[in-house]
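Peer 1: Okay, here's what each chain looks like letter by letter:
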Amino acid sequence: MLMKLREISRRRWILTCQNRRKMWKGYLFLFPSLLGTGGFVFLPFLDVVRRSFLRAAGNGFVGLDNYRAVLGNEAFHLAVKNTAAFMAVCVPLLLLLSLGTAVFLEQALRKSRLFKTGFLLPMAIPAASVVVFFQLVFDRSGWINGLLGGLGMEGRDWLASDSAFWVLTVCYIWKNLGYDMILWLAGLYAIPREQYEAAKVQGAGRMACFRFITLPQLKETAFVTALLSFINAFRVFREAYLIAGEYPHESIYMLQHLFNNWFTNLDIQKMTAAAVMLVVLIGGILIGNEIYAKHRG
Amino acid sequence: MRSMQNTGDKVIKAGLFLLLLIMVFPLFILVADSFMGSRELTEKFGPVLAGTKGMTEFTLLPMYPTLRAYIKLLLDSPEFFVAFWNSVLQTGAVVAGQILVAVPAAWAFARYPFPGKRMLWFLYMLLMILPFQVTMVSGYLVLNAAGLMDTHWAVIIPGVFSTLPVFILRKTFAAIPHEILEAAQVDGAGDLRLFFHIGIPAGKSGIFSIAILGFLEYWNGIEQPMTFLKTESLRPLSLYLPDITVSEAAVSFAASVIMLLPALLFFFFGQEYLEQGIAASGIRE
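Protein chains in written order, with the numbering used here: chain F, 128 to 424; chain D, 1311 to 1595.
In case anyone wonders, no lab produced these hints; they're calculated from the structure. Even for Gly, the Cβ is constructed at its ideal location relative to N, Cα and C. Incorrect hints may appear among the rest.
What the hints assert, rightly or not - Covered by chain D, according to a simulated footprint, are these stretches of chain F (three or more residues, beta-carbon under 8 angstroms): (1) 197 to 208; (2) 212 to 223; (3) 227 to 234; (4) 319 to 332; (5) 381 to 393.
Said to hold, decoys possible - Below 27 angstroms or equal to it, Euclidean Cα-Cα: the simulated DSSO-like pairs (lysine-lysine) are: (6) D/Lys1427 - F/Lys243; (7) F/Lys243 - F/Lys346; (8) D/Lys1427 - D/Lys1514; (9) F/Lys327 - D/Lys1514; (10) D/Lys1427 - F/Lys346; (11) F/Lys327 - F/Lys421; (12) F/Lys421 - D/Lys1320; (13) F/Lys327 - D/Lys1427; (14) D/Lys1514 - F/Lys152; (15) F/Lys327 - F/Lys346.
Said to hold, decoys possible - Pairwise CB distance ranges, derived in the manner of DEER restraints: (16) F/Phe339 - D/Lys1323: 23 to 29 angstroms; (17) F/Asn416 - D/Arg1349: 56 to 62 angstroms; (18) F/Gly415 - D/Lys1514: 42 to 48 angstroms; (19) D/Pro1423 - F/Ala196: 41 to 47 angstroms; (20) F/Leu198 - D/Arg1378: 51 to 57 angstroms; (21) F/Tyr374 - D/Asp1386: 16 to 22 angstroms.
Extracted from the complex, chain D is given alone in its bound form (with noise of 0.2 angstroms):
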């Protein structure tokens, strides 16, 4: 029974270790052939990427490595650095007026009895659920009256107003123990106060993870800025690379990695934020 169980076990988790290697695959594979040289990209990737005749062949690993697409990226790819922009741009704005919108929102619905509250609820799920297409028309409506269509703003201020950290959040502050709160209540703290010296320190990794979360969301965004965007110069880095597969593959594969990079980095600098985050809504309140 003991060593039936024992199997099982290793059976258990050779399968898990299979999962992972497949998990991180396409990873693996973008990065380390970022590496290769543009004729051997061409010779082994071009019936994919170029459209050449043949097979593509399978390639773990670039057989002469080179740096060449990321100096040509960096050097003499103005444009690149244009879209790089704009995805800073973008993203940041819209991650930072998540979190000033969305923080006292979700404190709202977790800490306050009012009126209206199960209406307004059922209203932000029903905003996060329906996809950007649907809400795409009344928010062309009034960008476009306001004369903001085809700037950052146009992407930017829908952003801010999601409604999905606010449900992410929401679990984060209702799970602050009441004792907390009627003990600072007590010692006579206001509103405010509880807000900013026991909610905010209490939901900091909350607030870490929709930060992470509605960076990947957004540095990646592509129908927002496809539908609001018409000028080439505003376009971000998520447009621009969809662009650059097709013309020029040897570039696309740094330039891929490239973007990646930021999101890698956040992902590993936040990774147990994220995922306390994640986990907080999970959880039975």
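Isolated chain F, as found in the complex (with noise of 0.2 angstroms):
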């Protein structure tokens, strides 16, 4: 009896002892990757992270200061408000066109070669060729205000104005139009044919198909595109700042240009404070939604 539990115990013993092992393998291909971001972004952060809270010569503490002084920035009310105005208008907008696209595209066209290659060619042009495009376009003396008083209508500066922001839209909408029709693309592949067929002997038509079948099942989907689209949405500084420079109109000075013009002026105080700030509320965004998907199951 004793020589049994001995031996169970030995076994769980070498078990544990594998699992162990086994346990940390994972390391051993994530450590090339965790010593750059490690050594690069993490431990550097944590030095921003205190240089948050001190003098910007000396090392004198000086509390929420750095904060107190970023929250009370004209320059930063500005750029955030345009910063949420502009992801909360072209990331949804985004999405719609290109779920539309994807959604026509896999119905009508039984050949898309062509469409994909079309859709995805904006994203291999480079900003700098982007920007002269649009300057071409939407320049005072541009081909949209030369078509405008051809009609005998006023034209306007459309990179100096308000609508500098509409502008911005449409670039990055063009740009990502085809990635995100991709993404889609492989959302609605994913489902099985059956159930469409399914559906249509029991009398269901187009639209009853897409609200029941189609959108259940691009949950998944729709979460990572609208991330990467996010993510995108911060690199339309390229051609904002293309341009119109480090201080474009109003209506398009995003926080990418802020952090730029603080980084020039070596106010790094500013800069590691309004960093922090960022990172808990995109990390808080993060965890939100990992618990707010828990939640639902």
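Using the hints, put the two standalone chains together into the complex.
Peer 2: And the structure:
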């Protein structure tokens, strides 16, 4: 009896040893990446957090002064407002348009090679070239104003007025429509054909099929697509910067412009405090989303 | 009913074609007008590009096509070659590094349970979402301390450790059926063998797609070189191009087409993989 127990506990011990070895095996593969992100981002970010509570010169502790300075900064208000507005407008718009395109493309065309190529193509065009084209179209003396002038209407400086926001939105959608469309198409292709056929037999129309079969099964795709669209939305800063420089029209003055200008002026204190706040905000959204997803099962 | 659906399909098809034309139109204009002579260019686009009076003319094709801009660019602009080489070097190093680092990391996240995994995945996602400007300070602190500011490394190193490729690749690896890996394990394959002989071949399209996405991203890189490089001779094409747009309109069209070519080449060459790779990140697990 005792022998048997001992044997069992010995086996268990071997198993936990094996498990423990197996447990750490993942780190073997993760190591190079972790070394880099740890050394270049995570650890230095702790230094950023530390600095956000310090005075610029010397090492005096100033508590939340840097945070107060950022929150009271008018440029910061403007940048936050614009960035939030841009995200709130362009991401949903892109998601809807790309989903529509994907659904139509999947329904109407058997051979979609040409379309996929054409829609993805804008991704490959360098920002600097894109900007030349946008200037030709939207400049004060550009094509749109020429066209409007021909119709006897007054043009405007599209890139240096409130409409700059919409020009940037167009640019973002043009650039990312193909990428999102491919993501949606992958989601659409993963839905079994039989479900549609079964629904059709029972007399369901196109709209009903879309509402009750397609949409519910695109949830996961929607999350990934929204996430990547959000990330890509930060990248339009490139075009905004090349079109209008460090101080563009105030409708497209984004957080990125602000950070960039703080960096140029070596205003490290404000940068660190603002960076910490942004990380907390985005981290909070991520965690919130996780909890929400779990809650709904 | 039937005929109504057919008309509906036709309308949809027409709409899609129209959209396609809009999507490729900018590329068409850029390429076509790069063959415009400098005189014609100033005449037509002068108001926008050089600030002369009047309105810009709408032109689809150049009236007098010429290769002069290309010749001038390729023969008379040594800075162009320097910038081109810088772009090749920086982009190549980033993409190669990303593959070496991100492929095993994605494999770890997809295939192994390990302590702290959820926490690390959260940090990786967070890092992926944050815009460059937020991590710029911490990057700057390290690069400055290491004396790497204003060298090629300042652009390359932060790029190599980007976590976006890890995110895109993880699903590709997670989609490999369990049975295949288990069968190989029964045959006595170790962890490394599984990774090199099953993981990498099965994740080929995903790996190609992160390479192409990485290439497009860093070939167009503006923010990183702009902040971390001060020396003119280290700057890549993406920063050289906006500079000449102002000074030499005729050459800038040609330069932007030449800059576009490698991107297009990779794009057409690897479109299939790119698509598969993007698609893999969009399907359910």
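Peer 1: Indicate, hint by hint, whether the structure satisfies it.
Peer 2: Checked hints:
no.	hint	result
1	197 to 208	violated (count 0)
2	212 to 223	violated (count 0)
3	227 to 234	holds (count 4)
4	319 to 332	violated (count 0)
5	381 to 393	holds (count 5)
6	D/Lys1427 - F/Lys243	violated, 36 angstroms
7	F/Lys243 - F/Lys346	holds, 22 angstroms
8	D/Lys1427 - D/Lys1514	holds, 25 angstroms
9	F/Lys327 - D/Lys1514	violated, 38 angstroms
10	D/Lys1427 - F/Lys346	holds, 24 angstroms
11	F/Lys327 - F/Lys421	violated, 34 angstroms
12	F/Lys421 - D/Lys1320	violated, 43 angstroms
13	F/Lys327 - D/Lys1427	violated, 45 angstroms
14	D/Lys1514 - F/Lys152	holds, 23 angstroms
15	F/Lys327 - F/Lys346	holds, 23 angstroms
16	F/Phe339 - D/Lys1323: 23 to 29 angstroms	holds, 26 angstroms
17	F/Asn416 - D/Arg1349: 56 to 62 angstroms	holds, 57 angstroms
18	F/Gly415 - D/Lys1514: 42 to 48 angstroms	violated, 36 angstroms
19	D/Pro1423 - F/Ala196: 41 to 47 angstroms	holds, 45 angstroms
20	F/Leu198 - D/Arg1378: 51 to 57 angstroms	holds, 55 angstroms
21	F/Tyr374 - D/Asp1386: 16 to 22 angstroms	violated, 34 angstroms
The structure shown violates the earlier hints numbered 1, 2, 4, 6, 9, 11, 12, 13, 18, 21.
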